[in-house]
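Take a look at the letters that make up each chain.
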Amino acid sequence: MSEQLHYALFTGCTAKQSTPELLSSTLAVADKLGIKITILEEASCCGASHLQDFDEFLAHVLNARNICYAEKLGLTMITICNTCQLNSAMTKHALDTDPELKARVNEKLAEVGLEYKGTSEIKHFLYTLIDEYGLENVKDKVQVPLSHLNIAPFYGCHNIRPSELHEEANGHENPYNPTSLDSLIDALEGNPVNYESKNKCCGFHVELQANHTSEVLAGNALLDAMDNNADLMVTPCPLCHLKMDTYQDSIGKVMGRDVELPVLHMPQMVALALGCTEKEIGLNFHVQKAKHLYTAS
Amino acid sequence: MSETRKVTIKAFRFNAETDYLPYTKQYEMEVGKDDLILDLMNRIKWEHDGSFSYRRSCRHGICGACAIKVNGKAVLACKQNAIELLDLFDNDITLEPSSKKRAIKDMIIDKSDFWEKHAAIKPYVVADVEPHPTHETKQSISEFNNFLDSDLCIQCGACHYSCPALEVNPDFFGPAAFAAAYRFTVDTRDTAGAERLELTAQPSQGVWDCVKCYECAEACPKEINPIEKIGKLHNMQFEQGIAESNVATRHAEGFLRGMKKYGYLDEADIVTYSEGLLGAAKHIGTAMKMMKSGKIHWHSGVPFIDSIPKIKNLDEVQKLIEISQTNKL
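Protein sequence lines, in the order shown, are assigned to chains A and B.
Counting with full-length UniProt numbering, you get residues 1 to 297 for the letters of the first sequence.
Counting with full-length UniProt numbering, you get residues 1 to 329 for the letters of the second sequence.
In short, the hints are calculated from the structure, not lab data.
Check the hints yourself; a few may be wrong.
Calculated lysine-lysine pairs in the DSBU-like style (CA-CA distance at most 30 Å, straight line) [stated by the list, open to error]:
(1) K253(A) to K101(B)
(2) K122(B) to K79(B)
(3) K260(B) to K72(A)
(4) K260(B) to K102(A)
(5) K291(A) to K282(B)
(6) K102(A) to K312(B)
(7) K117(A) to K261(B)
(8) K32(A) to K312(B)
(9) K102(A) to K328(B)
(10) K282(B) to K289(A)
(11) K102(A) to K310(B)
(12) K36(A) to K310(B)
(13) K289(B) to K253(A)
(14) K292(B) to K310(B)
Given the sequences, and given the hints that come with them, work out the whole structure.
Written out as structure tokens, the structure is:
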């Protein structure tokens, strides 16, 4: 690679709180691959699709503010959460296609000395690895091939749907048959598990108000992966991770079967294969035991 | 290069009157570049097996009768080019009804749940109209444009039968009913808006049970984007003071508490705030496990008490919330 890739990282709330392992493994992967990361320390919560339900205009203003900081650096803003990706991309799309809304938002942003221009792209880290760093280059850096692992890719909704919104940023992924995570697992020499639920919903967003729906959706996916001999599941979305990792006991009760499956963040899986340190990968932060997956090279 | 492709089409077969279980049958045929999925179904019926059953009517993508799924993707058979799908799914085409569990015969399903929910939201203009009006009820272009594209719904059921929330919770109205509720609620001639908003605000059946998977947006053959209308209904419930304080509405509004204080969502606080102390108690087991694994952790203080890192330039977020917030609970 002739020029070093450099991105503005939008961490989202989860990587700063309940999934510190997502942030540490992302930074470790970037470091191993020689990708420069500047963390957007000014960036706030994206609203996670909930603030949008309460006050859509306010959510646009706050998301536009986040993008302003990537624009100031002149960098593509990368995300490590599907929902952050969706909400940021939705705001960008809304502002870039609706001059009246853009003007209203900029009127507010001007009060804090900012202006949204629309110059920065927004892309999930998964797709920068594939589209910009390149799978062949990732493959060249593998130190610990994952050939002993059957890995179930769980895509999460907000990177792949609505496909029209994401088509540039996610390499025209087919939402009915996504392949990016599978191809990444291939590049790391792991064995991708093919199972029906890989592009389905985990139910995270209704965990509180529609708990049964949430548990069944997560349970369907976890059991489907287990029934197809997965040793672990991997996801690019920390919200899917939280639902699938943290609630396996209660999901098991609802589904009437024991559920036991480690659920890794996408960067953790890459970090494993690149030979990152145990601390960087942070498998000890999982509720469902995953530390055993780390084997020092 | 040949204009046609020799393809094996798989089709879901089931007759509720005679079959105990569904099965799959395969049909070989030449598929041309202009063939629609409906052409393939016609060929199965006319050239292979006359008992193969499906609904078809207008053949112009406006009646919604021929909605089915191909490899899990909702399509209108009369609108969907077959070669496009063969390319999308590596030459594999499996024809399935919109909902396998509602199959009556092959592609034909029982849509009664769809129609019941559609009817329940009063999908028509409710207005006290003079029997002998002296003038027209006019709408401006912008008032008409408020419908967005929701007026284009053809009730095909593609979004309804792609909705995973509805698969688990049969009480849930589903995206098509919500799109219709939105369409008539924003109609300036209508007087039943508050009633519809109250109906769609109810736990279990209303918009708060939407899982936000965007399957409905992906499924709609008319590109109506039902989840966009679900979002509008959420906002309208707050705007019109119809949203009641409950776990779902507090969860949406409660994001601002953490954002005002830290810039980030306060993950622990949002659970307690949404559920109330008593409700939050049911999460104690999970919280303990999260604490044990470090998912609830010590940043700069005791978990739950000012332990969240603050963003840089937090004052900007606070100011923007102050000057941009349009709704309240």
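Status of the hints after comparison with the structure:
Distance restraint check for K253(A) and K101(B): the Cα-Cα separation of roughly 25 Å lies within the 30 Å cut-off, and the hinted pair is therefore satisfied. A distance of roughly 29 Å separates the Cα atoms of K122(B) and K79(B); the hinted pair therefore holds under the 30 Å criterion. For a cut-off of 30 Å, the pair hint linking K260(B) to K72(A) stands: about 23 Å separates their Cα positions. This hinted pair checks out: K260(B) and K102(A) have alpha carbons roughly 23 Å apart, not beyond 30 Å.
For a cut-off of 30 Å, the pair hint linking K291(A) to K282(B) stands: about 28 Å separates their Cα positions. Between K102(A) and K312(B) the CA atoms are separated by roughly 24 Å; this keeps the pair inside 30 Å, and the hint holds. For the proposed pair K117(A) and K261(B), the alpha carbon gap of about 27 Å is at most 30 Å, so the pair holds. Between the alpha carbons of K32(A) and K312(B) the distance comes to roughly 27 Å, so the proposed pair stays at or under 30 Å and holds.
Among the hinted pairs, K102(A) with K328(B) is consistent with the structure: their alpha-carbon atoms are about 23 Å apart, no more than 30 Å. The hinted pair formed by K282(B) and K289(A) meets the criterion: a straight-line CA distance of about 23 Å does not exceed 30 Å. In summary, the hint linking K102(A) to K310(B) is supported, as the alpha carbons are separated by about 27 Å, within the 30 Å threshold. Note on K36(A) and K310(B): the hinted pairing holds, with a Cα-Cα distance of about 23 Å set against a maximum of 30 Å.
Of the pairs offered as hints, the one joining K289(B) and K253(A) holds, with about 16 Å between alpha carbons and a cut-off of 30 Å not exceeded. Between the alpha carbons of K292(B) and K310(B) the distance comes to roughly 24 Å, so the proposed pair stays at or under 30 Å and holds.
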